[in-house]
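K.L.:
Each chain, letter by letter, is given below.
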Amino acid sequence: MKKIIIALLCVFSVFNFMNAQDKFITKTGVINFEASVPSFEEVNAKNENVSAILKSTGEFASLALMKGFRFKVALMEEHFNENYAETSKFPKTTFKGNIEDFDISQLDENDKTFTVKGVITMHGVDKSIEVPASIKMVENTIYLSTIFVLKPGDFDIEIPSIVSSKIAEEVNVSANFILKSKS
Amino acid sequence: MKKQTKLLIAIVLLILAAYFAYNYMYQDHRDIKMEEAKISVSASELVVFFKDNKSEEILNNTVQVSGEVTEIDLKSITLDDSVLCSFDTEVQGVNLKDKITIKGRCIGYDDLFEIAKLDQSTIIK
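Residue numbers (the numbering used here), protein chains in the order written: chain S, 1 to 183; chain D, 1 to 125.
Chain S with its partners taken away, still in its complex shape:
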């Protein structure tokens, strides 16, 4: 009996070890969003300090600090922080989900398209999303990129009518993560 327990413990510790190995992380992922309307000032922001963790099981989590979004126009940045996304009250946006049919052994240097399903929490609102992502792996580093559309209205973010003609209703979001194997 004792031997079985020890054997089981050994097996578990090996599993733990493998899990620890099969984790890919970044603290400096990039998220860009664009809500420009033709012939008006471009509405574009970039955050270069987005964290993400991808496990070999396909489990994926990401966190963006909202104050980290930087705009070309300073006043736009101020309005985004103070009036729209209310970033002092809601300092972070998170995503938690799974990459469907993810099999790390199938990854290679060519981009493959996967479906990422999960929940985005932004501005205090949870929303389920399903987006395509292209993933490749080069020298133990996973490159994940995705483009999708979000609507501010879905997250209770109100754009005052005075500026609504200058901000698109559909915001194009792109995210790029270079995830390094964590040893």
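What the hints contain is simulated information worked out from the structure, not anything from laboratory work. Note that CB positions come from ideal geometry on N, CA and C, so glycine has one too. Mixed in with the good hints there might be a few duds.
[Unchecked claim] Pairs of lysine to aspartate or glutamate residues, derived as EDC-like cross-links and limited to a Cα-Cα distance of at most 16 Å, are as follows: (1) 166/S <-> 77/S; (2) 117/S <-> 101/S; (3) 96/S <-> 56/D; (4) 92/S <-> 28/D; (5) 180/S <-> 73/D; (6) 72/S <-> 28/D; (7) 92/S <-> 111/D; (8) 46/S <-> 77/S; (9) 89/S <-> 98/D; (10) 55/S <-> 86/S; (11) 72/S <-> 88/D; (12) 182/S <-> 81/D; (13) 180/S <-> 71/D; (14) 182/S <-> 71/D; (15) 117/S <-> 139/S; (16) 127/S <-> 154/S; (17) 117/S <-> 59/S; (18) 182/S <-> 73/D; (19) 125/D <-> 98/D; (20) 72/S <-> 42/S; (21) 180/S <-> 109/S.
[Claimed, not checked] Output of the computed footprint for chain S on chain D, the stretches with three or more beta carbons under 8 Å from beta carbons of chain S: (22) 20 to 31; (23) 52 to 61; (24) 73 to 87; (25) 109 to 117.
[Unchecked claim] Coverage of chain S stretches by chain D, computed from C-beta distances (three or more under 8 Å per stretch; other residues unrestricted): (26) 62 to 70; (27) 95 to 101.
Using the hints, position chain D against chain S.
P.N.:
Frame of chain S; chain D shown alone:
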């Protein structure tokens, strides 16, 4: 003559209004490098602000942190495994285990890795 003066005043006012409106709309970004740090603490002390729910004291403010370099990336340095400082340019001349002081804008606390993050950082010493 009187009509002309009125017209002139109107034009001058219009130009002034346009000038102020333009300056308001296209005001400069904050220059974190030139701003005085609101607080100056060690990297591990900065994280405590978030744990004690005192984040509003540092969030979006310029802070100065010191500690040992525990990680170096292309455009970021991590101090004491607790504060990630990101730079607008590539990091140069810094080695692991160096004891340095960095000034930057605190953008928040990252629960995934349990670190605070700064952007627009500069190395003080």
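K.L.:
Each hint needs a verdict: does it hold in this structure or not?
P.N.:
We went through each hint and held it up to the structure:
no.	hint	result
1	166/S <-> 77/S	holds (15 Å)
2	117/S <-> 101/S	holds (11 Å)
3	96/S <-> 56/D	violated (26 Å)
4	92/S <-> 28/D	violated (25 Å)
5	180/S <-> 73/D	holds (11 Å)
6	72/S <-> 28/D	holds (10 Å)
7	92/S <-> 111/D	holds (10 Å)
8	46/S <-> 77/S	holds (11 Å)
9	89/S <-> 98/D	violated (36 Å)
10	55/S <-> 86/S	violated (31 Å)
11	72/S <-> 88/D	holds (14 Å)
12	182/S <-> 81/D	holds (15 Å)
13	180/S <-> 71/D	holds (13 Å)
14	182/S <-> 71/D	holds (13 Å)
15	117/S <-> 139/S	violated (26 Å)
16	127/S <-> 154/S	holds (8 Å)
17	117/S <-> 59/S	holds (10 Å)
18	182/S <-> 73/D	holds (14 Å)
19	125/D <-> 98/D	holds (10 Å)
20	72/S <-> 42/S	holds (9 Å)
21	180/S <-> 109/S	holds (15 Å)
22	20 to 31	holds (count 7)
23	52 to 61	holds (count 4)
24	73 to 87	holds (count 7)
25	109 to 117	holds (count 7)
26	62 to 70	holds (count 7)
27	95 to 101	violated (count 0)
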